[in-house]
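**Student:** Now for the letters of each chain:
Protein chains: 2
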Amino acid sequence: MQKKPLILVSNDDGIDAPGLYVLAKALKKFAEVKVVAPSIQQSAVGHAITVRTPLRAHEFRRDGEVFGYAVDGTPADSVKLGIRSILKSKPDLVVSGINDGLNTAVNVIYSGTVSAATEGTILGIPAIAVSLEYTQHPDFEPAAKVAATMARFVCRNGLPKDTILNINVPAIPAGKIKGVRFTRQGRSRWDDKFYQRKDPKNRNYYWLAGNMRILDHDGDVDQIALKDGFISVTPIHFDLTHRDFLEKMRREWEGKLKFKL
Amino acid sequence: MQKKPLILVSNDDGIDAPGLYVLAKALKKFAEVKVVAPSIQQSAVGHAITVRTPLRAHEFRRDGEVFGYAVDGTPADSVKLGIRSILKSKPDLVVSGINDGLNTAVNVIYSGTVSAATEGTILGIPAIAVSLEYTQHPDFEPAAKVAATMARFVCRNGLPKDTILNINVPAIPAGKIKGVRFTRQGRSRWDDKFYQRKDPKNRNYYWLAGNMRILDHDGDVDQIALKDGFISVTPIHFDLTHRDFLEKMRREWEGKLKFKL
Numbered sequence: 001m002q003k004k005p006l007i008l009v010s011n012d013d014g015i016d017a018p019g020l021y022v023l024a025k026a027l028k029k030f031a032e033v034k035v036v037a038p039s040i041q042q043s044a045v046g047h048a049i050t051v052r053t054p055l056r057a058h059e060f061r062r063d064g065e066v067f068g069y070a071v072d073g074t075p076a077d078s079v080k081l082g083i084r085s086i087l088k089s090k091p092d093l094v095v096s097g098i099n100d101g102l103n104t105a106v107n108v109i110y111s112g113t114v115s116a117a118t119e120g121t122i123l124g125i126p127a128i129a130v131s132l133e134y135t136q137h138p139d140f141e142p143a144a145k146v147a148a149t150m151a152r153f154v155c156r157n158g159l160p161k162d163t164i165l166n167i168n169v170p171a172i173p174a175g176k177i178k179g180v181r182f183t184r185q186g187r188s189r190w191d192d193k194f195y196q197r198k199d200p201k202n203r204n205y206y207w208l209a210g211n212m213r214i215l216d217h218d219g220d221v222d223q224i225a226l227k228d229g230f231i232s233v234t235p236i237h238f239d240l241t242h243r244d245f246l247e248k249m250r251r252e253w254e255g256k257l258k259f260k261l
Numbered sequence: 001m002q003k004k005p006l007i008l009v010s011n012d013d014g015i016d017a018p019g020l021y022v023l024a025k026a027l028k029k030f031a032e033v034k035v036v037a038p039s040i041q042q043s044a045v046g047h048a049i050t051v052r053t054p055l056r057a058h059e060f061r062r063d064g065e066v067f068g069y070a071v072d073g074t075p076a077d078s079v080k081l082g083i084r085s086i087l088k089s090k091p092d093l094v095v096s097g098i099n100d101g102l103n104t105a106v107n108v109i110y111s112g113t114v115s116a117a118t119e120g121t122i123l124g125i126p127a128i129a130v131s132l133e134y135t136q137h138p139d140f141e142p143a144a145k146v147a148a149t150m151a152r153f154v155c156r157n158g159l160p161k162d163t164i165l166n167i168n169v170p171a172i173p174a175g176k177i178k179g180v181r182f183t184r185q186g187r188s189r190w191d192d193k194f195y196q197r198k199d200p201k202n203r204n205y206y207w208l209a210g211n212m213r214i215l216d217h218d219g220d221v222d223q224i225a226l227k228d229g230f231i232s233v234t235p236i237h238f239d240l241t242h243r244d245f246l247e248k249m250r251r252e253w254e255g256k257l258k259f260k261l
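Keeping their order, the protein sequence lines are chains G and C. For the first sequence, position 38 matches number 38 in the working numbering, and the numbering has no gaps at all. For the second sequence, position 1 matches number 1 in the working numbering, and the numbering has no gaps at all.
Hint data in this document are derived by calculation from the structure and do not stem from the laboratory. One thing to keep in mind: the hints can contain errors.
[Claimed, not checked] Coverage of chain G stretches by chain C, computed from C-beta distances (three or more under 8 Å per stretch; other residues unrestricted):
1. 60-68
2. 230-237
[Stated by the list, open to error] Only pairs whose alpha carbons sit at most 30 Å apart, straight line, appear in this in silico BS3-like list of lysine-lysine:
3. C:Lys260 x G:Lys4
4. C:Lys193 x C:Lys28
5. G:Lys161 x C:Lys248
6. G:Lys258 x C:Lys25
7. G:Lys260 x C:Lys28
8. C:Lys193 x G:Lys4
9. G:Lys145 x C:Lys161
10. G:Lys258 x C:Lys176
11. G:Lys145 x C:Lys258
12. C:Lys88 x C:Lys25
13. G:Lys29 x G:Lys176
14. C:Lys161 x G:Lys201
Predicted model only: the values in this text are computed from it and were never measured. For each residue, glycine too, the CB sits at the ideal point set by N, CA and C.
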């Protein structure tokens, strides 16, 4: 009999989030699962890590049993500490989620869910991030099945180095999901603004609000696949080099730029 | 006479950091400069933004004059609040730095300095991030001259949409700098580990330590350009799609993956 794969599960909604629980349960059907996740909600933390203060971790119990380790830090901290210190052996896969809200388009940059997966790949482990479109009463079961199928597939077939699968699932009944689309990250902008208000002592404060505006409308884009009723799977990586423009700079800027130091 | 460009300056080392001061001074020679920066050190925050609590900003004075606005938040918060609320008009450029330490290879992902620049491009403003190699007694003047030359060039010639110039300067005397290289982001790994210790109450805590290991040794890579005595300029963007692998997935995975929901 083949050995069960070892999967590290994390998220950014915190270790007590229902999306994490449903995900861990689905993965346990074929894998050994270790949960290491932030002790509290860590949305929009981006790829933050804690370098100036120490980290703490404690066992987190659920239904009378140890469910995992809660880390007083960010999603990236949790995965790093999990792989480097808490787990006895190197995991075969990192799965992050299930996030309560999509991580598509420009939001991928702010996403703590994606960041936990990213930290896995930085440490050389294949990784998957899973997010479910926000609704008031989310049903994480279909997204957990998607995550489990994909996790099992990746454990068998692998992923290229430094590659993350960013999976987003539409919040529609399972029977209405049309299938999977392999997509690219869409372009978008936040039409955000700050509400300026006064506190009880009459001092200013600012509160961020706004909407994401989609700039890409092709069917092969993450957001549009979801709108069309598909699960979106985007392979992402963290080689941020803008290669086309690098070529252009080398051709056209070389002679024009003069530095006097 | 042409109108002076308006430049928003930020960083992640905090509004009182010497690198920021030297940068602002150099840019003031040809531009109107507005400083909006975190009130305290924000290293390794990645692209975090504050969404769950309000933000505060206050005038920061230096040498008896208003130097800029200090924001009780992250670098990305500072740039967002600066552009959306504090500045009276849209800036022509965002410049972030000068960071006291390089932001190359995998560190670009963790970098608050790059994150401030990224937030500029997310809001549609061209942006530059500037970092100086760490030394005990840094001289920010050469890096400030590089930043000013590049800023002036970008104000005149523009940048493609969603593109950031990530500039890293070696910590060698100005006369020894050999010139500029247009580079790509290098591959690297952190050989990090956690020191596990006991606090005075005998409870465990973990402290992160480690070294970055360079995996790319070509001359066109950021780290190697610096080692060779050049200023490294890498154009980066935040379309994270791994396009080559996306093609492969479409060709090879389509039939193999079966989801039961």
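**Student:** For every hint, state whether the structure bears it out.
**Tutor:** So, going through the hints one by one against the coordinates:
| no. | hint | result |
| --- | --- | --- |
| 1 | 60-68 | violated (count 0) |
| 2 | 230-237 | holds (count 6) |
| 3 | C:Lys260 x G:Lys4 | holds (21 Å) |
| 4 | C:Lys193 x C:Lys28 | violated (43 Å) |
| 5 | G:Lys161 x C:Lys248 | holds (14 Å) |
| 6 | G:Lys258 x C:Lys25 | holds (20 Å) |
| 7 | G:Lys260 x C:Lys28 | holds (17 Å) |
| 8 | C:Lys193 x G:Lys4 | holds (26 Å) |
| 9 | G:Lys145 x C:Lys161 | violated (38 Å) |
| 10 | G:Lys258 x C:Lys176 | holds (16 Å) |
| 11 | G:Lys145 x C:Lys258 | holds (11 Å) |
| 12 | C:Lys88 x C:Lys25 | holds (21 Å) |
| 13 | G:Lys29 x G:Lys176 | holds (25 Å) |
| 14 | C:Lys161 x G:Lys201 | violated (42 Å) |
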